[in-house]
Amino acid sequence: FLYADQQGNIGHYLSGRVPLRTQGDGLLPAPGWAATHEWVGAVPFEQMPHALNPKSGLIVSANNKIVADDFPCFLGKTWRTGFRARRIEAVLKGEMRNGNADDADQGGFSRIKAEKKAPNPTAVSPADCACLHLDFHSLPGQKFAQLLANHTPDTPEAQLAHQLLQAWDGWLGAESVGGAVYQVLLRQLTDLLLEPHLAEPLRHRLLGAGPHP
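Per this note's numbering, the very first residue in the sequence shown carries number 499; after that it's consecutive.
Just so you know, these hints were derived from the structure itself, not from any lab.
Check the hints yourself; a few may be wrong.
Label pairs and their in silico Cβ distance ranges [unchecked claim]: (1) Ala-625 x Gly-580: 54 to 64 angstroms; (2) Glu-698 x Cys-571: 36 to 46 angstroms; (3) Ser-559 x Lys-641: 19 to 29 angstroms.
Listed below are the simulated DSBU-like cross-link pairs for lysine-lysine, each with C-alpha atoms no more than 30 angstroms apart in a straight line [as the list claims (entries may be wrong)]: (4) Lys-575 x Lys-553; (5) Lys-591 x Lys-575; (6) Lys-563 x Lys-641; (7) Lys-591 x Lys-553; (8) Lys-641 x Lys-575; (9) Lys-591 x Lys-563; (10) Lys-591 x Lys-641; (11) Lys-641 x Lys-553; (12) Lys-563 x Lys-575; (13) Lys-563 x Lys-553.
Beta carbons are placed, not taken as given, at the ideal position from N, Cα and C, and that holds for glycine.
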């Protein structure tokens, strides 16, 4: 859970009861007739991941992994990729550094708030942070475009699409031509990569009946 108060303190603490296992991580069935995978207790509350007033001045929680790989206790493997957390952190750090982040390439707070028609374009409020939950900027899309930067298309249509993608700033608003190219290309690439390797029932479940992943 996350914490903030009127004195400016912020913090977070991972709650829940995390088992300590003699071996294994609980992701696969274990031999219940043996004592080789028994629980030997739970992670003490004070050892659970937590922070109070970190030096960065902010705390971001977006289903991202919140511990380093060498954290001694297994907390799960269902973390998201971290793109959302990195995007939120970049926008908030820009706001803290500049007072009003307005980086056209990164789509700072002012662009997000303009898209959402926020009433005050220069101050950050809880409502503005809610706008960030609906941010249209795609870090995965930008990384995807970078991976194709040195690719040479072999048709005029593909060359135009490539140019639009390379000029794209990562914004997925309705007016973004580069964003449309990215979305269509991603869907087509997903089909091309997976469809030949999936039997029909599984293909339909994973890729759907329409042109979408």
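For each hint, the structure was consulted:
Here the CB-CB span from Ala-625 to Gly-580 is close to 25 angstroms, at odds with the stated 54 to 64 angstroms. With their beta carbons about 42 angstroms apart, Glu-698 and Cys-571 fall inside the hinted range of 36 to 46 angstroms. A hinted range of 19 to 29 angstroms for the beta carbons of Ser-559 and Lys-641 is consistent with their spacing of about 22 angstroms. Among the hinted pairs, Lys-575 with Lys-553 is consistent with the structure: their alpha-carbon atoms are about 27 angstroms apart, no more than 30 angstroms.
Using a Cα cut-off of 30 angstroms, the hinted pair Lys-591 and Lys-575 holds, with the two alpha carbons roughly 28 angstroms apart. With a C-alpha separation of about 20 angstroms, the suggested pairing of Lys-563 with Lys-641 holds against the 30 angstroms cut-off. Restraint check: the Cα-Cα separation between Lys-591 and Lys-553 comes to about 12 angstroms, which is no more than 30 angstroms; the hinted pair holds. With a C-alpha separation of about 23 angstroms, the suggested pairing of Lys-641 with Lys-575 holds against the 30 angstroms cut-off.
The hinted pair formed by Lys-591 and Lys-563 meets the criterion: a straight-line CA distance of about 19 angstroms does not exceed 30 angstroms. Of the pairs offered as hints, the one joining Lys-591 and Lys-641 holds, with about 21 angstroms between alpha carbons and a cut-off of 30 angstroms not exceeded. In summary, the hint linking Lys-641 to Lys-553 is supported, as the alpha carbons are separated by about 29 angstroms, within the 30 angstroms threshold. Proposed proximity of Lys-563 and Lys-575 is supported: the alpha carbons are some 9 angstroms apart, at most 30 angstroms.
For the hint linking Lys-563 to Lys-553, the alpha-carbon distance of about 19 angstroms falls within 30 angstroms, and the restraint holds.
Checked against the numbered hints above, the structure violates only hint 1.
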